[in-house]
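Using the hints, build the complex out of the two chains.
Listed here are the chains, written in short residue letters.
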Amino acid sequence: MKLPIYMDNHATTPMDPRVLDVMLPYLREDFGNASSRNHVFGWKAEAAVKKARQQVAELIGATDQEIVFTSGATESDNLAIKGVIEYYKSKGDHIITLKTEHKAILDTCKRLERVRQERLDELKLLRLSQLAERDVSPEEVAELAAKHDVENDATYKKWADMPTGGARVTYLDVEQDGRVNLEKLEEAMTPRTVLVSIMFVNNEIGVVQPVAEIGALCRKKGILFHCDAVQGIGKVPFDVEAMKVDLASITSHKMYGPKGIGALYVRRKPRVRIAPIIDGGGHERGMRSGTLNVSAIVGFGHAAQLAREELAEESARILRLREKLRKGLTDALDMTIINGSLEHRLPGNLNISFAHAEGESLMMGIKDVAVSSGSACTSASLEPSYVLRALGVDEELAHSSIRFGLGRFTTEEEVDYVVQLVVDKVRKLRDMSPLYEMAKEGIDLKSIEWTAH
Amino acid sequence: MAYSDKVIDHYENPRNVGTMDKEDPNVGTGLVGAPACGDVMRLQLKISDDGLIEDARFKTFGCGSAIASSSLVTEWVKGKTVDQAMTISNKDVARELALPPVKIHCSVLAEDAIKAAIEDFKKKRAARKAQAS
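From first to last, the protein sequence lines are chains L and D.
The opening position of the first sequence corresponds to residue 1 in my numbering, with each subsequent residue numbered one higher.
The opening position of the second sequence corresponds to residue 1001 in my numbering, with each subsequent residue numbered one higher.
If we strip away everything but chain D, and leave its shape as in the complex, we get (with noise of 0.2 Å):
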């Protein structure tokens, strides 16, 4: 299969590979995929109190569009608010890419990702929120 210039050079240079403490109240990891069905991102993000995305870090399982399409989101999702990521859709990410649509699936994985990451991290702060009261 081809794969566009954009996915290869996500997949060789993939940016902000790595693990965050996901116990950081401000941390919300999103986990997705399955390994029997040969795909599982892991996105993590780290969130200020005023709900905007600092940081962003992954670790995909997966084929080069999906560990590309990983890679792409933690660049878009970094400096935005979490409203504004929730509007990020797979649309976006596989015409980024150019995927072919035999891996639209690998998007859908990242869209998922971060409404993951993003619903984690609001239950924590609604669980830190009935404590304190």
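Here chain L stands alone, though its shape is the one from the complex (with noise of 0.2 Å):
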């Protein structure tokens, strides 16, 4: 067995070294640009990335026509939500995420936010300089808007109800267990919802969330479904279909495929359109400009094949695996916490808090194993998880979880070797730790009151 391990599976996957064979050719004599149309070089190209559209879109029951290749999912997610948001703006301009999704979807919705808000500003500014009769300055807003009752003024209600090329954003609360609920999404939605965006596994806590009912509740009131499909595609069966989901992004790196690219399906019966965020040749039938990275789109078709035809396999060994792992730590230890639904979760996750046993501290008492910590105190901010924490974990416990990420080469070897470590350094570090000696001397932890927050 080598050192380190590497368990974290969720942040990258490692290449299969399969998926690079069939790569160097087009690093090396099959260099072509695949929009070149006269020539042999280009011909080979445009015929591999048809291969490898055809391949991802067969991992997700597509067609290859309505695969978007993209530079990976923080781009997808981007596309998606924008060019959605854009094109649909005549239709309305609300969105429903979670509060669980990953940065590149919330971050893409506080944009979205931010620039309905300046442009209401704008037009705030324009009738209050109406009203006023003269131009009126940003400084003088408040003071105006007090007498003249803009939010109130029929004129200004009517512009600010026009199209603004933001959005306004519903964020979900999840359940416990990490997943949806769907009574609450439903109440969620309004005339002018155009997309709900909802992961299918969370990149925390694995949990996987009830696509298929979502879509289908989707579909039923004529909204566009995304999905942000990431950790589950290729490990969990996904299908466009059966799912009813409108547009996903996929990355190639968390599928054993090369990093820096993607895809984002964008369906094509019943019809989905979006707005480019990026101009320029045309690619992608317009929706992502750019030249084709022949080379890792290949790898990345490869990737997706790979999966296809291991997935029962492989997720029944890593499942295996990672309740090894989850039952050699419950059992050595106690006061441990499994965080979100263990039933609808990801095979190879698993994010556990051991209570009172920081996590930070117990990763560098484990540096062989590569893992990632629910506590973000290696960061500027000294917050825990703000997934974690939607799940109502507890801070304490959410400052001492860690994420293990279970993949393809990980072996049972490891596992045995990191369930040991782990129990030993947890033991440690709980010697060390008043809080656990409290807890044992059953000291109501809460009845305390701490000196600093």
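Derived from the structure by calculation, the hints contain no laboratory data.
Ideal Cβ placement from N, Cα and C applies to all residues, glycine included.
Take every hint as true, because none was put in to throw you off.
One side of the interface only, derived from the structure: several residues of chain D facing chain L at Cβ under 10 Å: (1) I1008; (2) K1059; (3) G1064.
This is the structure we're talking about:
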């Protein structure tokens, strides 16, 4: 067994050597531009891209014409959300998403909210200038708005109701197990809702959302459904037809392919339209301009094919290892909590809190094992994970959580080693922890007046 | 985050981990931080009647820097008088351990823990005196 051990497969996966083998020719002799129509270099590249498009489409039950290659999932998420809001602005401007989504979704939504707010501020200024019969400065707005009651002014309201280029966003809470409540989702839908964006599998807690139910609900309501499917694709069955998904973000490097390549699935029937966010030569049917990254696309395609062929066998194997890890840790250690639903969970994910042993400190103790911590102590902010907090996980427990991500190349030997190491280190840290000692003595930690917050 | 060798050494070989009897009139206990913030430090000092710190013990829930900061101050305070210990500042701790800016908080906790432990000891002594008189 080689050290260090990689157990952070949610962050990225190592490239499968079989993927690299199919890529290499496209970095050497077959280097053509897939858009070059008049020579054999271009034709070869085009054919390779066509094959890869087919491979990616097959993995998700789509057709090759529905796959738009992008630089990765962040771009796909941006393209889906901004593209839909821009294209359907005459229809509405409301988005529904979850508090536990990836930052690529949340930050994109926040930007659209800012765009809308800036536009409303401009409109208010304009209307106040009209009402005051003079040019109004931004500093005067508050004062004049009180006098003219611009919020209830019919003309202003009519203007504000027109497309702003931005969006209003509902960030839904999740249940304690990390899953969306379908009734609450339906309640949040309005006649102006154009898009629901809910992820397939959560990147921190590995919880699988009821995507088929969400898809059916959205279809019934005539609302588009975007799914950031990055963490689950190739590991848990995903089918855009069965699940009625309209747009799906995918990335190659979470399925043992190269980094820097991903795709957005855009449904053809019934047709979904998006406005591009990158302008240029009109590649990818105008939805994403830019010369295609042929070798990466070829690798992505092959990674998708391998994932499809090996999904059943691989996920069963990884699930068995994950359960071995879980049982090994929870049998040996008291006061451990699994964060998020255990039933609806990615086979390779174990997000676990070891009460009274701090996460970052534990990571330092197991430095030969690459994992991720729910404690954000390593970053500039000292806030624990927003995903764990959205689940209602106690802040102390959020500081004590570790995310294990098992993958294709994880071995049984590695799992055995990790169990032993983590158990030893948690015990060591707890021996050093005043909180563990107090808990053992039966002191309610909540009853203590702590000095800092 | 890259830690200094000193932080790693204290983390791997923490000095003076343990618990003293907090009912002992010569033991001052300082408990600082909060579980929600991810750092709780408990420092206990055994102080002689003439104000000499004879022994020190700590228990810490927190990151490597927090553990190292508390371990370090237990070494520093032993053999010092209460007045000398009161002059130990978080800056001394941060400098000794080469803490990065985001971890300065841990050294502040260590300084606070010393002060809280000494304060606890003084309170106990005052209470004892009041009882005696």
